[in-house]
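Trainee: Going down the list, the sequences are from chains G and Y. Under numbering that gives the first Met the number 0, think of the first position of the first sequence as 0, with each following residue one higher. Under numbering that gives the first Met the number 0, think of the first position of the second sequence as 0, with each following residue one higher.
Source of the hints: derived by calculation from the structure; they are not laboratory data. From the three backbone atoms N, C-alpha and C, an ideal C-beta is built for every residue, glycine too. Please note that the accuracy of each hint is not assured.
Unchecked claim - Straight-line C-alpha distance at most 27 Å; calculated BS3-like pairs for lysine-lysine:
no., chain 1, residue 1, chain 2, residue 2
1, Y, Lys307, G, Lys172
2, G, Lys172, Y, Lys178
3, G, Lys172, Y, Lys335
4, Y, Lys35, G, Lys350
5, Y, Lys284, Y, Lys252
6, G, Lys27, Y, Lys349
To be verified - Computed beta-carbon distance windows for the label pairs:
no., chain 1, residue 1, chain 2, residue 2, range
7, Y, Gly272, G, Gln176, 46 to 54 Å
8, Y, His100, G, Gly129, 34 to 42 Å
9, G, Ile107, Y, Tyr17, 53 to 61 Å
10, G, Thr354, Y, Glu181, 45 to 53 Å
11, G, Arg347, Y, Ser71, 54 to 62 Å
12, Y, Leu179, G, Phe12, 24 to 32 Å
13, Y, Glu316, G, Ser265, 45 to 53 Å
14, G, Thr354, Y, Pro42, 41 to 49 Å
15, G, Thr306, Y, Asp141, 54 to 62 Å
16, G, Thr228, Y, Arg305, 16 to 24 Å
17, Y, Arg287, G, Gln176, 35 to 43 Å
18, G, Glu334, Y, Gly69, 37 to 45 Å
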Amino acid sequence: MSTVEIKGLIKRFGDEVAVAGISLNIDKGEFVTLLGPSGCGKTTTLRCIAGLEHPDTGEISIEGVPITSIEKGIFLNPEDRNLGMVFQSYAVWPHMTVFENVAFGLKIRRVNRNEIKEKTHKALELVGLGDLAERYATKLSGGQRQRVALARAIVYSPEVILFDEPLSNLDAKLREQMRIELVRLQQEIGITSIYVTHDQTEALVMSDRVVVMNEGIIQQIDNPETIYTHPSNSFVASFIGVANLIEGRFLSRSGQIADVEFTSVSEGESIHLKALGAESATKDQRVILSLRPEDITLCLETPPEGTVNVLTGEIIETVYQGNLLDCQVRIGSHEIAVQMNHFEQLDRGRKVYLTFSPEHALLLTE
Amino acid sequence: MKEEKNSDYLIIENLVKYFGDDRAVDGISFAISEGKFLTLLGPSGCGKTTTLMCIAGLHKPDSGEIRVGGKSFTSLNENIFLEPEKRDIGMVFQSYAIWPHMTVEKNISYPLEIRNFESSEIEDRVMEVARLVGLDDMVGKDATQLSGGQQQRAALARAIVCNPSLLLFDEPLSNLDLKLRERMRLELKRIQNEVGITSVYVTHDQAEALVMSDDIIVMSKGKIEQSGGPHSIYARPVNRYVSNFIGVANLLKGKISSVSKTGLSEINISQDGKNILMPCVLDDKKFREGDNAVLSIRPENVYALREKPEGTAIEGEVIQTVFLGNYIDCRVQWGKFEWKVQAHPRERLKKGDHVYIRLDSNHSMAVLP
Chain G
0 MSTVEIKGLI KRFGDEVAVA GISLNIDKGE FVTLLGPSGC GKTTTLRCIA
50 GLEHPDTGEI SIEGVPITSI EKGIFLNPED RNLGMVFQSY AVWPHMTVFE
100 NVAFGLKIRR VNRNEIKEKT HKALELVGLG DLAERYATKL SGGQRQRVAL
150 ARAIVYSPEV ILFDEPLSNL DAKLREQMRI ELVRLQQEIG ITSIYVTHDQ
200 TEALVMSDRV VVMNEGIIQQ IDNPETIYTH PSNSFVASFI GVANLIEGRF
250 LSRSGQIADV EFTSVSEGES IHLKALGAES ATKDQRVILS LRPEDITLCL
300 ETPPEGTVNV LTGEIIETVY QGNLLDCQVR IGSHEIAVQM NHFEQLDRGR
350 KVYLTFSPEH ALLLTE
Chain Y
0 MKEEKNSDYL IIENLVKYFG DDRAVDGISF AISEGKFLTL LGPSGCGKTT
50 TLMCIAGLHK PDSGEIRVGG KSFTSLNENI FLEPEKRDIG MVFQSYAIWP
100 HMTVEKNISY PLEIRNFESS EIEDRVMEVA RLVGLDDMVG KDATQLSGGQ
150 QQRAALARAI VCNPSLLLFD EPLSNLDLKL RERMRLELKR IQNEVGITSV
200 YVTHDQAEAL VMSDDIIVMS KGKIEQSGGP HSIYARPVNR YVSNFIGVAN
250 LLKGKISSVS KTGLSEINIS QDGKNILMPC VLDDKKFREG DNAVLSIRPE
300 NVYALREKPE GTAIEGEVIQ TVFLGNYIDC RVQWGKFEWK VQAHPRERLK
350 KGDHVYIRLD SNHSMAVLP
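Using the sequences and the accompanying hints, generate a full structural model.
Mentor: Here's what the structure looks like:
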């Protein structure tokens, strides 16, 4: 049974539909990320789960028990939902010690002293702050403060933790480090987690499953690898990672490989390319070829006769990143991004050939 | 005159600057060709900003010389020190230093007005640079209405409007958020390229330096550790410090066991009581047999293989994989050492996999400890 079940969630603000009918099941111990641009409805969904927003329609259950059900007239207050929350501003109180920060929530709930002590120490041990219990919050590093916030969320032994962009205020290096640490902690504790972010790298690195949202609707739910390698539409393809999208016309299929005609990749002539996907496409249907920069091979010599999927173009710009070289290549009316990790100097205007295997090119129908 | 312009446009010789007893800049020399983009890169306190301030004339060095386009800005020997306003320099700072009570147009035109340009020329020039930085439809707005990125564009427009002989940048992007910063790097580089003004850029951000620069000078404790193009700094670091500061590297201590002038040399690595001989590339002028060295190899030149390749003695276990879309950041435990491997997602490495490490010898660098 799923820990969290969301059915038909709709939330409007005035005339605006923020969440337009979302259904989602989250398993016990799973780390699920709601990912999308600002205004996609991810935070509103999270706030509905937390009980901070009252949805217009739908039902939310935890362990089979409804905490919000518009139909049944159920709406549990946030403090009765047994959820832990970690916010962007982690709201750690500077005038309190680490112990007091974590124990505070239990104190105001009038938990008895021994139990407070036991639960607080257990939470601090779990997040690796056992030795710093008496330190003042002002003496903590950014990463340690983040752990205090997490300890505060888990001290009540909640069934689910909700995260609202908790890492977005940290600098780049610390953020990378905290991503890995947060996931490690989450796995150790084994607690079901729902995480909201607009940062696609964060979602890929941290999640068991990613829920990609746009305009209040779920675009795709899958594990990070599937989301990246098999995006369900062009929104997902370009929001997660970099995707070259080229419009073409579906012609025929032989087994898994489709034959598609493109008129925009070479001046004055149409070119046929082979790719996977678009299983339900019919002849002459408009399709979109999605091609990742790292799946394209760039060569300086004409590829051998009979090579499939060859495009001819010229270098517009190269950006050296150390471990990678990003190139922009003009192909017909397109600028194609190509990424290489073993490379030589490439001058602007240089003529190049791009090739890619049909297995690494994906056709989308929307 | 012309020749000097092309090869060594900005020349710094033996620059020294003390603050009290502290040698902030410790006798550095370098030169830039006209139109090039040079980055001074290093951690805080390395002397990069002090060097920039000396070029601007905002600090007076204790010794050394600074010449731009054949003209002496500072020469302690000849007792020359040109005032900052006479140096014909454009500057862009971390804090945008845009005047909030003025329009974008007034902000940009200010340097022209104090130099008594004619109003028709002011108008033309302001529109030209506004277009260049992508603010042409915002010139009438109040500076306070601009976003952080736009304010920095306005600051750049103001710095180039007088067509200065030199542009100086002091960490101009560090207040912007990551996405915007990444975009502005390319923008800035494009604009610099277009106007062709010789530029000196100060940053502590190595990714920024790699992406933007024609040449990079890596500094530490007031001295130059290495200078060169981004690719040579990244692929051919001279010492452990540079290798570690730029990009990510696997670093293993060892002793040089053979030096080859033409092909691969060898380094003897001791790890967990075992000694392993590894082929490597080194600078034969810097190393002799028996010297202490560090083997430096980038994650993208390390392969984790399921099948045992010929000759390898490195076996380990995958302890972490982080899927980043275009590549997998993979860690392999080998005794006490943790290999950082940049793997292709299609290799499908998983935690717990038993793997063999293969190093690309042509990218295995022996560097100074």
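Trainee: All hints are to be evaluated individually against the structure, with a verdict given for each.
Mentor: Hints, one by one, checked against the model:
Pair hint Lys307 of chain Y plus Lys172 of chain G does not hold up; C-alpha atoms about 35 Å apart against a cutoff of 27 Å. Taking the CA atoms of Lys172 of chain G and Lys178 of chain Y, the gap is near 15 Å; set against the 27 Å cutoff, the hint holds. For the proposed pair Lys172 of chain G and Lys335 of chain Y, the alpha carbon gap of about 24 Å is at most 27 Å, so the pair holds. Our distance criterion of 27 Å between C-alpha atoms is met by Lys35 of chain Y and Lys350 of chain G, whose separation comes to about 25 Å.
For the given pair, Lys284 of chain Y sits about 20 Å from Lys252 of chain Y by alpha-carbon distance, which is consistent with the 27 Å threshold. Using a Cα cut-off of 27 Å, the hinted pair Lys27 of chain G and Lys349 of chain Y holds, with the two alpha carbons roughly 22 Å apart. Look at Gly272 of chain Y against Gln176 of chain G: about 31 Å separates their beta carbons, and that is not inside 46 to 54 Å. Checking the proposed 34 to 42 Å range against His100 of chain Y and Gly129 of chain G shows it is violated: the Cβ atoms sit about 54 Å from each other.
For Ile107 of chain G and Tyr17 of chain Y, the Cβ-Cβ distance of about 57 Å falls inside the hinted range of 53 to 61 Å, so the restraint holds. About 28 Å separates the C-beta atoms of Thr354 of chain G and Glu181 of chain Y, a value inconsistent with the hinted range of 45 to 53 Å. Arg347 of chain G and Ser71 of chain Y have their C-beta atoms about 36 Å apart, which leaves the hinted 54 to 62 Å range violated. About 27 Å separates the C-beta atoms of Leu179 of chain Y and Phe12 of chain G, a value consistent with the hinted range of 24 to 32 Å.
The supplied range of 45 to 53 Å is met by Glu316 of chain Y and Ser265 of chain G, whose beta-carbon atoms lie about 49 Å from each other. Between Thr354 of chain G and Pro42 of chain Y the beta carbons are some 43 Å apart, a value that agrees with the proposed interval 41 to 49 Å. With their beta carbons about 57 Å apart, Thr306 of chain G and Asp141 of chain Y fall inside the hinted range of 54 to 62 Å. A hinted range of 16 to 24 Å for the beta carbons of Thr228 of chain G and Arg305 of chain Y is consistent with their spacing of about 20 Å.
Distance hint check for Arg287 of chain Y and Gln176 of chain G: the Cβ-Cβ separation is about 39 Å, which falls inside the suggested range of 35 to 43 Å. For the pair Glu334 of chain G and Gly69 of chain Y, the supplied restraint of 37 to 45 Å holds, since their beta-carbon distance comes to about 41 Å.
In summary, the numbered hints that this structure violates are 1, 7, 8, 10 and 11.
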